[in-house]
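Participant: Chains A and R, in that order, give the protein sequences. Just add 380 to wherever you are in the first sequence, counting from 1, and you've got my numbering. Just add 464 to wherever you are in the second sequence, counting from 1, and you've got my numbering.
These are calculated hints, taken from the structure and not from any lab test. Mixed in with the good hints, there may be bad ones.
[Said to hold, decoys possible] Far from chain R, some chain A residues (derived; all Cβ distances over 10 Å):
no. : residue
1   : Gly449
2   : His450
3   : Glu452
4   : Gly513
5   : Leu527
6   : Pro534
7   : Ser547
8   : Ala570
9   : Ala591
10  : Ala626
11  : Asp683
[To be verified] Here are some of the chain R residues that sit facing chain A, going by a computed Cβ distance under 7 Å:
no. : residue
12  : Thr562
13  : Pro563
14  : Trp574
15  : Pro581
16  : Glu582
17  : Asp654
18  : Ser693
19  : Thr697
The beta carbon of each residue, even a glycine, is placed where N, CA and C say it ideally should be.
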Amino acid sequence: MPRRRVTATLITCAVLAAGGAAWFWARPSRRPPAPSATGPALPTRVAAWTAQGQAVSYDPQTIFSYIDGHAEVYLAYGMRRCLARRYTGPSGERDIVLDVFELASPEDAYGVLTYDRDGAPADVGHDALYRHGWLRFRQGRYFVSALAEQETGPAKAAVFELARGVSAALPGDGGVPGIVAALPAEGLQADQVRYLHHPQILNTHVWLDDANVLDLGPDVRAALGRYRRDGVVAHLLLADYPGPDAAARAAGAFARRFGLALDVTDSVKVPDRGWFGVGARGARLAAVIAAGSQELTAVLMRDALQEPKEASHGTP
Amino acid sequence: MGPLDQERGVTRRDVLRTFSALAIGGTAGCLDAGEAPGAAAQVPRVAGRSRVVLVRHRDVLRADGRPDPAVLQRMLNEAVVALTQEATSASAWRRMVTPRDVVGIKSNVWRSLPTPPELEEAIRQEAVAAGVAAANVAVDDRGILDNPVFQRATALVNTRPMRTHDWSGLGTCLKNYIMFARRPSAYHGDACASLGAVWRLPHVAGKTRLNVLVMLTPQFHGLGPHSFSPAYTWPYRGLVVGTDPVAVDTIGARIIGAQRREHFREERPISPPPHHIEIADTRYGLGVSDPARIDLVRLGWQDGALV
């Protein structure tokens with residue numbers, strides 16, 4: 381290979397590596413903290429289902445060997461450990477899989493729960509939901525999933541029994557992150573509220589951009605709400621940054637990306653996507669994403685920023 | 465305040481067009497030398513149109529849910545004949561592989577919805593029938609980097625079931641090659657946007673002879689940490705076959721999207737958007753993602769084809 385090409389390749393690699401270093405995963409604060417010294421004891425038997433061997437513990441490095449395609453969601457909420465156990469059922473029944481995720485904080489456990497909110501409310505732990513054999517809840521910094529691989533009456537009963545047993549062994553309560561409570565109430569669809577730090581979690585619920593325009597990361601606490609007012613739909617993102625400068629920079633980047641003036645009363649219509657708006661007050665940023673009308677954009681921006689609240693950096 | 469009716473900003477497609485000319489380093493921080501996603505930006509696009517074959521058979525699934533090996537093999541061969549426009553399946557397969565080839569069949573072992581062993585065996589048999597020595601054919605997924613046949617491979621056949629995926633939107637033929645990367649997680653950024661770069665790795669580039677997207681019981685929605693429930697699969701009884709992985713995945717994605725509309729009775733787009741398919745076209749030049757430039761050949765059972 382010619383020396384010039386080698387040099388160019390090395391420079392390209394260096395530039396790419398530097399760019400990669402800025403990526404979410406490479407942030408120093410994203411390095412997974414050590415898990416707690418002990419985890420909950422998982423049952424050896426539930427109804428007619430019996431555990432296959434010991435519970436297995438996975439950390440952020442080994443979780444990919446266990447979960448293919450969804451592990452990144454838990455890592456996006458600072459997963460420290462996943463304690464897993466599989467239960468074999470009687471003849472004609474398929475397995476039940478129990479996964480107990482220890483996240484970085486109770487807020488993160490809330491965030492994981494809000495990633496998928498489809499299901500019927502259930503009375504286990506906090507905010508439990510059930511659908512198609514899958515029961516999950518949060519408790520403290522834990523997110524617990526009990527999944528029957530085939531939903532039957534006995535399997536559903538066993539899943540509930542298993543979840544209740546785990547809940548009884550877990551510490552922690554079920555507070556709601558402060559930033560979530562700051563979402564304006566009018567028109568907010570309760571089952572469409574999410575808590576997040578990671579740009580791709582945002583993009584999963586409402587696509588914003590390929591780049592991390594808002595500089596979301598582990599030190600940013602964000603709540604996303606879907607609104608419906610008078611039949612018009614919009615998404616509102618509230619985010620608390622470490623300080624006013626970071627919030628202002630993020631608002632500025634958003635404004636430049638979508639061609640907005642740095643004025644909370646400005647809004648812009650992006651073809652095929654809807655109306656966008658952004659503003660910051662203190663350490664808090666508000667952004668309206670893909671709203672159905674300019675009027676709703678303006679009202680949500682006004683409601684979101686008219687009464688500044690303390691940044692919610694405490695444990696809920 | 466901006467004009468009430470003024471449309472500013474850019475669309476997502478604009479972004480993709482723009483990015484197609486750029487080397488994006490967002491996920492490249494821990495890539496090995498030669499794995500830089502941006503390197504493929506200089507690769508010429510596949511010109512013109514792409515042919516994709518959708519073949520379905522009402523009887524390919526038995527009562528126990530397993531594929532009927534004979535029906536499956538017939539479907540595969542009908543697809544390859546239609547794809548190559550050869551007179552027979554034997555001549556069609558000889559277009560795919562030669563006796564001098566070493567063939568790696570890149571499968572998928574995902575516990576909940578793996579590539580059917582019956583299909584792996586059908587492909588293996590056809591490669592051997594086309595003259596490839598049996599010792600020069602291997603099926604593998606997680607162990608491909610250490611598999612001696614894959615290490616010597618001159619030809620690859622790529623096959624996996626279609627499913628939704630929480631980080632890339634869809635588990636596609638394009639995504640199936642992520643195990644060729646030494647650090648697959650390096651390609652996870654921006655909904656796995658840079659998956660096309662894997663196809664430009666030196667031990668992969670230019671070797672793929674056939675892509676078989678398995679849509680016997682595809683998965684159109686995820687559930688739980690392991691992203692699977694039989695409630696979100698349906699007996700589509702099809703294979704999507706082509707030499708262009710982008711075009712194959714584009715057709716598969718349209719079928720999944722249509723099934724989601726039917727099931728949920730509302731517009732519920734695949735989320736996150738599986739934009740790695742379009743980016744594999746616009747940024748990496750691996751094939752055609754524009755449905756208007758895909759010639760879809762439909763064979764067999766047509767009820768509920770969704771596309």
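Participant: Going through the numbered hints above, which ones does this structure break? Give me the numbers in ascending order.
Facilitator: The structure breaks hints 1, 2, 3, 4, 5, 9, 12, 13, 15, 16 and 19; every other hint is satisfied.
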